[in-house]
Amino acid sequence: NAGVTQTPKFQVLKTGQSMTLQCAQDMNHEYMSWYRQDPGMGLRLIHYSVGAGITDQGEVPNGYNVSRSTTEDFPLRLLSAAPSQTSVYFCASRQITGEKLFFGSGTQLSVL
Amino acid sequence: DAKTTQPTSMDCAEGRAANLPCNHSTISGNEYVYWYRQIHSQGPQYIIHGLKNNETNEMASLIITEDRKSSTLILPHATLRDTAVYYCIVRVEGSGGSNYKLTFGKGTLLTVNP
Numbered sequence: 001n002a003g004v005t006q007t008p009k010f011q012v013l014k015t016g017q018s019m020t021l022q023c024a025q026d027m028n029h030e031y032m033s034w035y036r037q038d039p040g041m042g043l044r045l046i047h048y049s050v051g052a053g054i055t056d057q058g059e060v061p062n063g064y065n066v067s068r069s070t071t072e073d074f075p076l077r078l079l080s081a082a083p084s085q086t087s088v089y090f091c092a093s094r095q096i097t098g099e100k101l102f103f104g105s106g107t108q109l110s111v112l
Numbered sequence: 113d114a115k116t117t118q119p120t121s122m123d124c125a126e127g128r129a130a131n132l133p134c135n136h137s138t139i140s141g142n143e144y145v146y147w148y149r150q151i152h153s154q155g156p157q158y159i160i161h162g163l164k165n166n167e168t169n170e171m172a173s174l175i176i177t178e179d180r181k182s183s184t185l186i187l188p189h190a191t192l193r194d195t196a197v198y199y200c201i202v203r204v205e206g207s208g209g210s211n212y213k214l215t216f217g218k219g220t221l222l223t224v225n226p
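Protein chains in written order, with the working numbering: chain Z, 1 to 112; chain U, 113 to 226.
Accuracy of the hints is not assured; some may be wrong.
What the hints assert, rightly or not - Derived pair list, reagent style DSS-like, types lysine-lysine, alpha-carbon separation capped at 25 Å:
#1 181(U) - 218(U)
#2 100(Z) - 218(U)
#3 9(Z) - 218(U)
#4 164(U) - 115(U)
#5 100(Z) - 9(Z)
#6 213(U) - 164(U)
#7 181(U) - 115(U)
#8 213(U) - 115(U)
#9 213(U) - 181(U)
#10 181(U) - 164(U)
#11 213(U) - 100(Z)
#12 115(U) - 218(U)
#13 100(Z) - 164(U)
#14 115(U) - 100(Z)
#15 181(U) - 100(Z)
As the list claims (entries may be wrong) - Covered by chain U, per the in silico footprint, the following chain Z stretches (three or more residues, Cβ under 8 Å):
#16 18 to 28
#17 67 to 81
Claimed, not checked - Away from chain Z, derived, C-beta distances all over 12 Å, residues of chain U:
#18 126
#19 137
#20 161
#21 164
#22 165
#23 173
#24 175
#25 178
#26 180
#27 191
#28 194
#29 214
#30 225
No wet-lab data here; the hints were simulated from the structure.
Virtual Cβ for every residue (Gly too), placed ideally from N, Cα, C.
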């Protein structure tokens with residue numbers, strides 16, 4: 001199993017541009033989530049999903065959209081990037097009643 | 113959810129045991145203690161979790177005090193590869209257990225020295 005795969009690893013955007021961060025998992029996990037991590041900070045939950053067609057907001061959802069059309073994929077969309085969204089983004093997944101959260105290797109995003 | 117308090121940083125000599133403390137004095141009876149670690153530039157990695165009893169797995173041991181107000185993560189023989197930020201997290205067992213969310217604080221930076 002590849003686990004949780006995130007693409008791209010690095011991205012530079014200009015203010016106002018849009019982009020989608022991709023996340024895929026091959027473990028048949030129902031629960032998937034997106035976190036952001038800023039320097040010196042812990043991880044903050046952006047959005048999460050407990051299954052295809054079901055998403056909900058975390059603690060910092062503003063400026064981000066998600067959808068879950070399949071069990072495997074959970075993309076994160078930035079509709080109009082802002083410098084405040086410069087961060088490292090992590091996708092994570094687990095079984096719906098699982099104890100372990102599995103993380104991807106992260107996407108480093110810079111918004112100029 | 114109960115908050116946790118961890119030291120900002122700790123040092124440990126290679127080959128010695130690393131004992132990482134965590135205070136969670138407001139923990140409730142149904143709240144689990146989790147530990148994750150994050151090696152530089154990588155995604156966090158699950159280590160261990162527990163409710164009341166001490167737990168041990170291939171990575172570490174978790175010691176929870178009898179009043180459950182604090183816990184200690186023990187890495188029995190630390191190596192240089194154990195240098196990482198260690199997060200102590202308390203989570204509530206929600207209804208059905210499916211929607212629990214983990215809140216990661218700033219953690220403890222453990223530096224293992226040669």
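Hints, verified against the model:
no.: 1; hint: 181(U) - 218(U); result: holds (19 Å)
no.: 2; hint: 100(Z) - 218(U); result: holds (20 Å)
no.: 3; hint: 9(Z) - 218(U); result: holds (23 Å)
no.: 4; hint: 164(U) - 115(U); result: holds (17 Å)
no.: 5; hint: 100(Z) - 9(Z); result: holds (23 Å)
no.: 6; hint: 213(U) - 164(U); result: holds (20 Å)
no.: 7; hint: 181(U) - 115(U); result: holds (11 Å)
no.: 8; hint: 213(U) - 115(U); result: holds (14 Å)
no.: 9; hint: 213(U) - 181(U); result: holds (21 Å)
no.: 10; hint: 181(U) - 164(U); result: holds (11 Å)
no.: 11; hint: 213(U) - 100(Z); result: holds (12 Å)
no.: 12; hint: 115(U) - 218(U); result: holds (12 Å)
no.: 13; hint: 100(Z) - 164(U); result: holds (18 Å)
no.: 14; hint: 115(U) - 100(Z); result: holds (20 Å)
no.: 15; hint: 181(U) - 100(Z); result: holds (23 Å)
no.: 16; hint: 18 to 28; result: violated (count 0)
no.: 17; hint: 67 to 81; result: violated (count 0)
no.: 18; hint: 126; result: holds (26 Å)
no.: 19; hint: 137; result: holds (19 Å)
no.: 20; hint: 161; result: violated (6 Å)
no.: 21; hint: 164; result: holds (15 Å)
no.: 22; hint: 165; result: holds (15 Å)
no.: 23; hint: 173; result: holds (17 Å)
no.: 24; hint: 175; result: holds (18 Å)
no.: 25; hint: 178; result: holds (23 Å)
no.: 26; hint: 180; result: holds (18 Å)
no.: 27; hint: 191; result: holds (21 Å)
no.: 28; hint: 194; result: holds (18 Å)
no.: 29; hint: 214; result: violated (6 Å)
no.: 30; hint: 225; result: holds (22 Å)
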